[in-house]
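All chains should be modelled from the sequences, with the hints used to inform the complete structure.
Heads up: the protein sequence lines correspond to chains Z and B, in order. When we follow my numbering, the leftmost residue of the first sequence carries the number 1, and every step to the right adds one. When we follow my numbering, the leftmost residue of the second sequence carries the number 113, and every step to the right adds one.
The calculated DSS-like cross-link candidates involving lysine-lysine, where the alpha carbons are at most 27 Å apart (straight line), are:
#1 B:K153 with B:K169
#2 Z:K99 with Z:K42
#3 B:K169 with Z:K42
#4 Z:K42 with Z:K3
#5 Z:K56 with Z:K3
#6 B:K169 with Z:K45
#7 Z:K3 with B:K153
#8 Z:K45 with Z:K56
#9 Z:K67 with Z:K45
#10 B:K153 with Z:K99
#11 Z:K99 with Z:K45
#12 B:K169 with B:K156
#13 Z:K3 with Z:K45
#14 B:K156 with Z:K45
#15 Z:K56 with Z:K42
#16 Z:K56 with Z:K99
#17 B:K169 with Z:K3
#18 Z:K67 with Z:K99
#19 B:K127 with B:K153
#20 Z:K99 with B:K156
#21 B:K156 with B:K127
#22 B:K127 with B:K169
#23 Z:K99 with B:K164
#24 Z:K3 with Z:K67
#25 Z:K3 with B:K156
#26 B:K153 with Z:K42
#27 Z:K45 with B:K153
#28 B:K125 with B:K156
#29 Z:K67 with B:K156
#30 B:K169 with B:K125
#31 Z:K67 with Z:K56
#32 Z:K42 with B:K156
#33 B:K169 with Z:K99
#34 Z:K99 with Z:K3
#35 Z:K42 with B:K125
#36 B:K125 with B:K153
#37 B:K164 with Z:K45
Keep in mind the hints are simulated off the structure, nothing from the lab.
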Amino acid sequence: QQKVQQSPESLIVPEGGMASLNCTSSDRNVDYFWWYRQHSGKSPKMLMSIFSNGEKEEGRFTVHLNKASLHTSLHIRDSQPSDSALYLCAARANSAGNKLTFGIGTRVLVRP
Amino acid sequence: DSGVVQSPRHIIKEKGGRSVLTCIPISGHSNVVWYQQTLGKELKFLIQHYEKVERDKGFLPSRFSVQQFDDYHSEMNMSALELEDSAMYFCASSSGFSDYTFGSGTRLLVI
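What follows is the structure, given as structure tokens:
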């Protein structure tokens, strides 16, 4: 059973600061990672996906992937109070069709 | 709204009862998955259908069944409800192996 581990469990960031979130899979067959954001009482919304080694940037969000270690990280710069949410990492194993396995998430609070 | 539509939004059932949750995917999306989310726990994969065929089954209890219809909408039939079935149930759809879009979820409370 694939496991997706996220750290830290929670994070407090000052407004305008940088938030860094981590995610690792235990399944060597994982070929794709997603980052979703879930505001309280809402459904998960996709932020970014990555499948190649290296870095991908979209606006204030940057995702890194190291395929050798099956580790991905999400960095949010210039954090805003609206970024306060649960951030979920999901991984897909290339043997598992399009089934995503989610981590428990990192709860981010941005303090004004 | 062209997103994934789930109904009902909220439902309260007595223990031992039955319920039906419905998911209408984005037009053209034939890949539908169901997840369960309880407070403090990860999204738990329940089942996936692709082109009306069950593709993968995860933690779906035997008391639940899911069907995907010709128009790709999906229904989850839940019977003999237990207190621990209380949770948010999300469905999500995608076109093939593309990114998933989640519906707003159904909050089920079993009392």
